[in-house]
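K.L.:
Listed here are the chains, written in short residue letters.
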Amino acid sequence: MLGGGLIVVGVVVLGAVNTLTQNPHLKQTNDAGAVTAEPLVPPDLRAYIVLAGLAVWLCYGVYKLAQPAEPIDRQRVAPADD
Amino acid sequence: MPTDTATVDTRLFGRDVAYSFDGPWGAYWLVLLRVIAGWWFLSAGLGKVLEQGLLYDTTGWLEMGTQGSIFHPMFEWFAANAAFVPNLLVPWGQIAIGLGLIVGCLTRLAAANGMILATFFYLGNAGWTNGMVTSELFGLLVFATIALFGAGRVYGVDGYLEGTELLERHPRLRYMMG
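First to last, the protein sequences are chains A and B. Just so we're aligned, residue -17 is where the first sequence starts under my numbering, counting upward by one. Just so we're aligned, residue 314 is where the second sequence starts under my numbering, counting upward by one.
What the hints contain is simulated information worked out from the structure, not anything from laboratory work. Keep in mind that a hint or two might mislead.
Chain A side only, calculated, beta carbon under 7 angstroms to chain B, not exhaustive [as the list claims (entries may be wrong)]:
| hint | residue |
| --- | --- |
| 1 | V(-7) |
| 2 | H7 |
| 3 | L8 |
| 4 | P25 |
| 5 | D26 |
| 6 | A29 |
| 7 | L33 |
| 8 | L36 |
| 9 | K46 |
| 10 | L47 |
FRET-style restraints, in silico, Cβ to Cβ [what the hints assert, rightly or not]:
| hint | chain 1 | residue 1 | chain 2 | residue 2 | range |
| --- | --- | --- | --- | --- | --- |
| 11 | B | G472 | A | T3 | 46 to 54 angstroms |
| 12 | A | D26 | B | V398 | 23 to 31 angstroms |
| 13 | A | L27 | B | I349 | 27 to 35 angstroms |
| 14 | B | E481 | A | L22 | 54 to 62 angstroms |
| 15 | A | V(-1) | B | V398 | 33 to 41 angstroms |
| 16 | B | T458 | A | Q4 | 30 to 38 angstroms |
| 17 | B | A393 | A | N12 | 32 to 40 angstroms |
Beta carbons are placed, not taken as given, at the ideal position from N, Cα and C, and that holds for glycine.
From just these sequences and the hints, can you work out the full model?
P.N.:
What follows is the structure, encoded as structure tokens:
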């Protein structure tokens, strides 16, 4: 849940913040190379937030792999007919 | 095609969630995703090996292609000190992941490794000229979907392995299979 939430914040929510405040998603420069407009939320910050979300997923995957495995007969139990 | 339905019945963020979907279509879709994503990586890996031999030179991409990205300092270090690691892992990792997905063998392990490689490709992006939703992000999400839904059990080697003694002796393997 946390991992997906961070990814949505980094990609969607902060993207919407830039759009709704009428800021560009990237630093804009003119022909001389001078910066003319900057995003309210820099893309690097958004990328770090997405990375944090992916890291949470990785940690969860490693945790699932590292915890003791259930015996086969306790995995994938079909629902009881009642 | 039969019209059996599969049901999702769970709690998400404290709320009951229940819905049904068409089981055969779901299984069909997972196989399609798995095979297409597998071919994406297999063809990319094979192309690199056929073009440059056993070790693919990734240093140009690591040093120049990712300039300005959040991974650039790490990539630069690898390019200068341990280039053989990405040179070996990128093409052969892609081939192994692609083959694993196409035949559905250790599908979850292959998809998880695909997610790791796709993360490097996605966040190695510096320009973001097309925004933060890129093809690499979609690739990453496809791998996550394959890992999540056990796509290897449908027309895959994992479906066969599931009924073997190997899995009884090593139940942990189940987490690596589809």
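K.L.:
Could you run down the list of hints and mark each one as holding or not?
P.N.:
Now the hints, each set against the structure:
The closest approach between the C-beta of A/V(-7) and any C-beta of chain B is roughly 5 angstroms, which is under the 7 angstroms cut-off, so the hint is satisfied. About 6 angstroms separates the beta-carbon of A/H7 from the nearest beta-carbon of chain B, less than 7 angstroms, and the hint is met. A least Cβ separation of about 6 angstroms between A/L8 and chain B falls short of the 7 angstroms threshold, and the interface hint therefore holds. Satisfaction of the interface hint for A/P25 is found here, the shortest Cβ-Cβ separation to chain B being roughly 5 angstroms, below the 7 angstroms cut-off.
With a least beta-carbon distance of about 6 angstroms to chain B, the hint placing A/D26 at the interface is held under the 7 angstroms criterion. About 5 angstroms separates the beta-carbon of A/A29 from the nearest beta-carbon of chain B, less than 7 angstroms, and the hint is met. Because the closest C-beta pair between A/L33 and chain B is about 6 angstroms apart, less than 7 angstroms, the hint holds. Because the beta carbon of A/L36 sits about 5 angstroms from the nearest beta carbon in chain B, less than 7 angstroms, this interface hint is met.
Hint status for A/K46: holds, given a least beta-carbon distance of 6 angstroms to chain B, under 7 angstroms. Taking 7 angstroms as the C-beta cut-off, the interface hint given for A/L47 holds, the closest approach to chain B being about 5 angstroms. Evaluation of the 46 to 54 angstroms hint for B/G472 and A/T3 yields a pass: the beta carbon distance comes to about 51 angstroms. Distance hint check: the CB atoms of A/D26 and B/V398 are about 25 angstroms apart, consistent with the given range 23 to 31 angstroms.
Hint check: A/L27 to B/I349, Cβ distance near 33 angstroms, so the stated range 27 to 35 angstroms holds. Between B/E481 and A/L22 the C-beta distance comes to about 56 angstroms, which sits within the given range of 54 to 62 angstroms. Between A/V(-1) and B/V398 the beta carbons are some 37 angstroms apart, a value that agrees with the proposed interval 33 to 41 angstroms. Taking the beta carbon of each, B/T458 and A/Q4 are about 34 angstroms apart, inside 30 to 38 angstroms as hinted.
Here the CB-CB span from B/A393 to A/N12 is close to 35 angstroms, well matched to the stated 32 to 40 angstroms.
No hint from the list above goes unmet by this structure.
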